[in-house]
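Undergrad: Here the protein sequences line up with chains A and B, keeping their order. Every letter in the first sequence is one number past the one before it in the numbering used here, and letter 97, counting from 1, is 97. Position in the second sequence (from 1) plus 188 gives the number in the numbering used here.
Each hint should be verified, as a subset may be incorrect.
[What the hints assert, rightly or not] Pair by pair, the computed Cβ-Cβ distance ranges are:
1. B:A459 / A:A116: 20 to 30 Å
2. A:G11 / B:E666: 20 to 30 Å
3. A:P121 / B:F366: 18 to 28 Å
4. A:G11 / B:V662: 18 to 28 Å
5. A:R138 / B:W258: 54 to 64 Å
6. A:A116 / B:V307: 55 to 65 Å
[Unchecked claim] Where chain B lies over chain A, by a calculated footprint (3+ residues, C-beta under 8 Å):
7. 37–46
8. 52–62
9. 70–78
10. 98–110
11. 133–143
Honestly, the hints are just simulated from the structure, not real lab data. Cβ atoms here follow ideal geometry from the backbone N, Cα and C, with glycine treated the same way.
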Amino acid sequence: MSAAPMNPERGRAVRTRIVRWLAPVLVTAVMTVGIGWLARAPYQPPGSDSATLRLSWRLRAPVAETCRPRTQAELDALPVHMRTPEVCQSRSAAYDLIVQVDARTADTSRVLQGGAKGDRPLFVLKELSLEPGPHHVRVRFASGAGLPAEESVVLALDTVLHMHAGTVDLVTLGPDGRTLIVRQSTQP
Amino acid sequence: MQPRFSYRSISRVDTWLNRVYTSRYNPLYHSGAIVIAMLLVLLATGLYLLIYYRIGAPHASVERIDAQLWTGRWIRGLHRFASDAAVVAALVHAFRMYAQRRTWGPRALAWVSGVVLLVVIMVSGWTGYVLVWDTHAQLIAAEGARWLDALPLFSEPIGRSFVGESDLPGGFFFLNLFAHIALPIGMGVLLWVHIARVARPVLLPARPVLWGSIAALTLLAIVWPPPMAPAADLLRVPQNVPVDWFFGFWLPLTIRLPAWGVWLLGVLVLALFAAIPWLTRPRPQELPAPATVDERTCTGCEQCVHDCPYDAIEMIARTGDREGMIARVKTELCTSCGICIGSCPPMAISALGTSARAQLEEARAFLAEETPGERDLVIVGCSWSGARAEAERSGAKFMSVPCIGAMHSSTVEILLRGGAGGVLVAGCPEHDGRTREGVTWTEERLFQGRAADLKPRVDRSRIRLVQATLGEKVLLHESVRAFAAEIDALADANGEIDVVDLCRKAQPAVQEESS
Chain A
1 MSAAPMNPER GRAVRTRIVR WLAPVLVTAV MTVGIGWLAR APYQPPGSDS
51 ATLRLSWRLR APVAETCRPR TQAELDALPV HMRTPEVCQS RSAAYDLIVQ
101 VDARTADTSR VLQGGAKGDR PLFVLKELSL EPGPHHVRVR FASGAGLPAE
151 ESVVLALDTV LHMHAGTVDL VTLGPDGRTL IVRQSTQP
Chain B
189 MQPRFSYRSI SRVDTWLNRV YTSRYNPLYH SGAIVIAMLL VLLATGLYLL
239 IYYRIGAPHA SVERIDAQLW TGRWIRGLHR FASDAAVVAA LVHAFRMYAQ
289 RRTWGPRALA WVSGVVLLVV IMVSGWTGYV LVWDTHAQLI AAEGARWLDA
339 LPLFSEPIGR SFVGESDLPG GFFFLNLFAH IALPIGMGVL LWVHIARVAR
389 PVLLPARPVL WGSIAALTLL AIVWPPPMAP AADLLRVPQN VPVDWFFGFW
439 LPLTIRLPAW GVWLLGVLVL ALFAAIPWLT RPRPQELPAP ATVDERTCTG
489 CEQCVHDCPY DAIEMIARTG DREGMIARVK TELCTSCGIC IGSCPPMAIS
539 ALGTSARAQL EEARAFLAEE TPGERDLVIV GCSWSGARAE AERSGAKFMS
589 VPCIGAMHSS TVEILLRGGA GGVLVAGCPE HDGRTREGVT WTEERLFQGR
639 AADLKPRVDR SRIRLVQATL GEKVLLHESV RAFAAEIDAL ADANGEIDVV
689 DLCRKAQPAV QEESS
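Extracted from the complex, chain B is given alone in its bound form (with noise of 0.2 Å):
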């Protein structure tokens, strides 16, 4: 599966910020994790303005808010560019779902219920811009009004209420005030429909990232804090009214369409994003099928429950002569992933086409054809990495997996052992893995004894494991020069080795390894 334009494209800017921030702090990783961040902040700043909200005064009490020059207007600006960062990160968020192809099958619920929780924020916020009432409220209320009028359920239009013939009654502002704060209850509920089907969600973005976003919208809102429009009258055409685009971004398409032409037009649309699950979904014959483990040989050791991302594997008792535990896969929200290959000490699983015995046999082959020497580096990374243009680029050997989670350690002995100098593992930046943890987990099987860990015998001076998406080729390109001079210096200490010798050791091995 080759990665698309989208993929490439974000995989640019990753390239990018990642040169700025580290890939541990880029906040493009931590997007979904923002906008909880900021649901929190959202939250805690109304929870101060609700204090001083009065529904019977609403522009003049938010003005007596933003007098207040030491707490009031920065609460009131942070609550505004919360609210615009939440939409910004949410949307960030959902492009990089698509791009990387992780909106169909299982995910579809996640997807789908992304999609409603962004309404619900919309819908939150625009009840939030007319608490305020002010011209900007005015034209969000007004469109709202025509809107709603063209469904045939109200005996008289609801624009009729902001025609300007009375004061709007205070019903109105607590309807939204109520609105305002019931939405965000339900989001809660939402939330936890979307991370229903993850296992491990992130809740929080990493600490530098949560503070230094807070503080930068901190320091926005007391520098330079949100203006207050004028009051809303309804006896005149707002003038240069100060949008928040976020928020109002449609307004002056809508505000020129007639109103069935906007329901149209939304629905036409809403109804696309929710079908990107369906869209997208992969054709029948290139639907991965769901991984399978075989009974015969799981020993029951969990630890492909302890590794599955998506909570797809379940613990069951055995039947039949033997006794203890098996592993089942649930295949009603197995993402074919494949990361519980590389999980599997007795190489029980199959995913994706194939198996870590499969991988073992394809890593023999790859030794028998491309004879690696004690000199050369063989980069092992999958399609969507820039491993096998490095691997051209600096002459090293190319080995392709699935995914660098699905690796499983043996595979890395067996080269070691078939002769090559050393083995560089090509991954994903860790926040960023399509299969979510599996360059985690790999990291921590090749190096922390994680299971299915990498063999104490092996000299983990000639494994390097980088960290690099599609576009760091810089940063690849560097790992491998400086890990090939290690290697070489190596060579130089070892004198030479004697390949075939190492080739004929390492058949005994696997086989103890396989059984």
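Excised from the complex, chain A in its bound form (with noise of 0.2 Å):
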């Protein structure tokens, strides 16, 4: 049994047909793919490669504060909801940090309490990137007050970090709130 010969004129137009229905679809896909891989190729953030000290903490410092009575004449020229006996001003402590990686100062700080007027916590944010390995860190968080040295440390960090690359080795306040602990991921 033979097929019968199908007439050329058809053939094309079948053809015109199907590219007609083909072209739209598979433009479509590839738009559609170029949206779905735009939604997912992977990016390597920088610092992957080495490893990340970070210290962070927060602490309400003592603030001193130095009172005086008003005079008669500062009273008079207050409304009079506003005559208090005393005029205080306060001020805060300021802190120093130092940093030392491998008996090598990576950082030294002033660290003044927050807020405009000085009148919030401070805090500490620093980051270091550092070299994968085992390193010996130091931070020492003093008072400035011109105590003695070793009185004047009011948080204080000696240890030695075994440092991954694109990991974070977090030195934050203990518990307690006046000790310094080291804090490392705990997902493998």
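Take the two lone chains and join them into the complex the hints point to.
TA: As structure tokens, this is what we get:
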């Protein structure tokens, strides 16, 4: 049994119809896959080949307040509802942060209390990028009130950290709020 | 006004996509409406995700959604891909408006509100990604906190929340969820502003485009769902993060810049985008004047009010001794598109430095100079189309008009009465008109009796309207060739026509029309 020969005109029309249906489907598929790929293409952020030492804590530092009674002239100059007997000035303590890594000073900075008026808790937020491997890390957070060196230290850490690429070793306050501890990722 | 490089570029892409989808369903022509459609998809899929999302366990709850093979996984995928498609469509839409010089004047409001809308879509997207709290979210959140910390707003840096001292509080995710829901509500108001100056705004794309795009994205979400990145770990630098580049395209750049640099760059880019209406505004000497109405001739028929694509014409009561209504152009809303020239039966409107009466004069001058015969084809087109080039290529006569929408139907009648064998009107594709509805109204005026309609006495078989982009040279050429063959056949059938006699006959008819 032999198949009937196809009319060439009809064959062309059928092919044209198929192409007319197929072309939009293919172009839509390509555009859609493009969206799908651009919605997931991986990105390697910088810093993944080095280790990070992060120092972060928050402290409510003592505030020194000096008060004096108002003079009569000052009281008279004020509206009645604002005539408090004393005028006080508060001064917050400044602290010095010294970070040493492998006996090399990596960072020294003065830390003041936060807020526009300096009446907010002070905070430390530092990040140091280090080579992966063991490092001797020494952190001293000392009051800058002119006390003898050992008495002025409020927080200190002296330890050897085995640091890995792409990980963060966080130096922060321990649960007691008076010692520095190191935290590392618990995820595998 | 000659088309600029950007217009020629989109025209090339349009030409190619018109061949694939046809100009009726070219998705680029529906880009603005696609954004709205995608926002609706986001709303529907977002409602489902909201039911299963847990503020207390963000990543785990999204993982649970992703584990629902029959519903959650593809709905989450569709939610994400629809947001990507919305960004793409919004950018395409903006670029088209820029390329077609549809940004300045009264359209500045739409442009600026569009830029704000895009920013809101972006911010809304970022809050959505943070909600998942995976490594992608960690990158976005840390980067966003770094930017915010550069502003003198907070007593403590927000970045301290992401150092890993403790788990993030539920309040953080609640705030993000709130923003992720509230911002789209704000988008509704912005959308209303965006289309406020447009008459008959097209809010949804043609059905095949609408359902085709939703089906394609759904299929993508089923076959290739978005990956679940590992949960955020603030004590690790994220590795190989699957970034959604439609929302995170800036990451590789900003992550290397200081925070003030990011702000500076962001403000500059945004200011540049927002200033485009003023940067692209024609010079004062090139600025087309708003349309004007000749009060003596206006009959108060209201057709121009119905046709104006920007609601820039209103009817007011006549003053003086004549009663009735008269059209008045709201100059602050008029974009000088000229569509009203073609819509006015008594030819009372002038715009773009011309009027229907001036067009008739031009047509008469054209006939006197070119003296087209019964086998000659006259192509009428604007300088933004490929009509002139096609006329040179095919040996047809060419008559220029500012826009096909601004062409009065009587111009075609004059040309035919003046001896032309046929008139081929070359306009933009229907959904892509620079004057929005110009080509649609022209088609209805020529063939469907829309005022100012072509008189029934004119032989429609001698008129063609071809919709083609600047780049659709083949389509235009084929249409001209086929029409020329038809005109030849008509000439053969009718025998010789006395052209001079026809011209003589045309004069009284036009005078009658003008009166």
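Undergrad: With reference to the structure, classify each hint as holding or not holding.
TA: Verification of the hints:
1. The supplied range of 20 to 30 Å is met by A459 (chain B) and A116 (chain A), whose beta-carbon atoms lie about 29 Å from each other.
2. The beta-carbon spacing between G11 (chain A) and E666 (chain B), approximately 22 Å, falls within the hinted interval of 20 to 30 Å.
3. Look at P121 (chain A) against F366 (chain B): about 27 Å separates their beta carbons, and that is inside 18 to 28 Å.
4. Range check, G11 (chain A) to V662 (chain B): Cβ separation about 23 Å, and the 18 to 28 Å hint holds.
5. Our hint of 54 to 64 Å for R138 (chain A) and W258 (chain B) holds, since their Cβ atoms are close to 57 Å apart.
6. Roughly 29 Å separates the CB atoms of A116 (chain A) and V307 (chain B), a value that falls outside the hinted 55 to 65 Å.
7. With 9 residues bearing a CB less than 8 Å from a CB of chain B, the region 37–46 of chain A meets the requirement of three and the coverage assertion stands.
8. Residue count for the region 52–62 of chain A with a Cβ under 8 Å from a Cβ of chain B: 5. That meets the three needed, and the coverage hint holds.
9. Under a criterion of three residues with beta carbons nearer than 8 Å to beta carbons of chain B, the stated coverage of the region 70–78 of chain A fails, only 0 such residues being counted.
10. Counting residues of the region 98–110 of chain A whose C-beta lies closer than 8 Å to any C-beta of chain B gives 0; at least three are required, and the coverage claim is violated.
11. As drawn, the region 133–143 of chain A meets chain B at 0 residues by the rule of a beta-carbon pair under 8 Å; below three, the given contact is violated.
Hints 6, 9, 10 and 11 from the list above are not met by this structure, while the remaining hints are.
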